[in-house]
Structure formats: structure tokens, C-alpha cells
Amino acid sequence: MPGVAEPKKKKRTRHLTHSENDPGWRVIVWNDPVNLMSYVVHVFRQVLGFSETKAQQHMLEVHHQGKSCVARESREKAELYWQQLQLRGLKTTIERSN
Amino acid sequence: VQVTRCDSGYEWVFDPAERSLLISVFERLVREYQVAPKDLSAEVRDAWYSSRGSREAGQSTEDFEEWIRQLRQFRGEYAHKAASWLQAWKADEQEPLFWVLDREDSDIFLTLMNDYRLARAAEMGIGEREMEASWEAIPDDKLRSAIAEIHIMAAMMECLIRLNDPSAG
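Heads up: the sequence lines are chains A and B, in that order.
Position one of the first sequence corresponds to residue 1 (the working numbering), numbered consecutively onward.
Position one of the second sequence corresponds to residue 1 (the working numbering), numbered consecutively onward.
What you were told as hints is all true, and nothing was included just to trick you.
According to the in silico footprint, chain A covers these stretches of chain B (three or more CB under 8 angstroms from chain A): (1) 52-65; (2) 113-127; (3) 155-162.
Please keep in mind that the hints were generated in silico from the structure rather than gathered at the bench.
Backbone N, C-alpha and C define an ideal beta-carbon position, used for all residues, glycine too.
Model the full structure from these sequences, guided by the hints.
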């Protein structure tokens, strides 16, 4: 099943720096009481391309530990995941890896 | 509500009461998707256009505004899609509804139902305690009604997710 098409982005004026290409950004999904477990698994599979098993593992980590790091990516890719996950209602943030 | 797979997607059957709820839910979504984030209640705005993590991610004001513009653009497309579904659902409202959801639209349908759940929960202050409470423990009719809608949307989402799973029979 195809995902939702990405809207056309306005051309950004800033250029990618070396650090923005580093896979140094973590995408974190946080627990919330409303999203269904099955829906979280579904979204992880759709957006992140996880297998059923991997999606289940991350969903359970979110549920039991309050959050899960679902990806380590470049700034641009992390932002894309952040937006796609947030658009589907998952509480998501990105942060610089230590 | 019943749903089964068919060649082009998923065939839904709603009785008149379910159909009426579906129409009411999606009409509200279409209305609220057209509202600028700044004009939504703080709770719904936080559910749909959260600024959480923006500062930590180092987003500038300009980046954040662009981010919100893109989220609104998606929801504008969803509103357009929902409006076309509503047109079909509103003919002969007193009858059961037989409706085919195209396979390529199932992700949008799920997102819309989830958005509704998130918005109602946020606006009514519904958390884990309220979601798991027994009916008798919820004295307020408005709150009870919102929780019921949230659970009905959840049941529909579960059906669709199960059918979406390629390993499902």
C-alpha cells in the first residue's frame, strides 16, 4: 500500500552541511494513551519499512519504556520521518546523537 | 460495522446509525482541517500541529512555519478526499451504507480516524484512565459520548489494519 504523497516543498535556501549528511540524528517516538498498539505497528511498517517483528519490538518499547529510538539518520531523513510519523498522529521528536 | 477485502480494496457495510456517526465524524474533520492551526483550540492544535521537539531540533521560526504549512497541506488533501467520500455517504442516509474504500486510500482513511480520536481525546482531556474506565464510572454524557466515538473509530481501525496485513487470511 503506498504511503501518502509528500507535498511539494518550497525550495530551501540553506545548503546541506557535512553535519546534516551525518546519520547523527535520532528519531524518537513517545508513548501516548490514545494511539492503538496495532496502529503504531502499522505506521512503523508503512513509514519506516520495518518488518512486523521489528515494528512490534519498537511499539512495545514505546509502550513499556515511554519512548523508542526508531531511526538514526541524516538531518533531512530524520526530519522526513519526524513529519510523516507526526502526520499520522505519533508523538515524535528528533535529537542529535551524543 | 462489517468490512471485507474486495478486488479494489475494502468493502464496508454500515447500518444507518453507524452511517450517521461516520458522516458526523468526517464532517467535523473536514471543518476542522480547514481551520488555521492558530484558530484551533490549544488541545487540538497540540494534537495535530505539535511544536514538541521543534526547539530541540534547532528549527528556526521560518522552518517551523514551513513545517506547519506542509502539515496543513496534507490535511487539506485529506479534507478534499473526505469531502468526496461524504458526498457518497450522504445519499439515502436512512439506508445501510455499502461502500468500497480503494486500497490506495486506506492509509488516509486510517489517519483521518486516528486524527479524530486524537482531537476528541485532547479536547475532552481523555487519557488512559478514562479510556479504560467502566461506563458507570463516567458520569458526564458528553465525555461518555466522546469515549464511545473514540472506541468505535478504534474498532474500525483495527478491522482495516487486520485486513491490510498481508499475512491475514
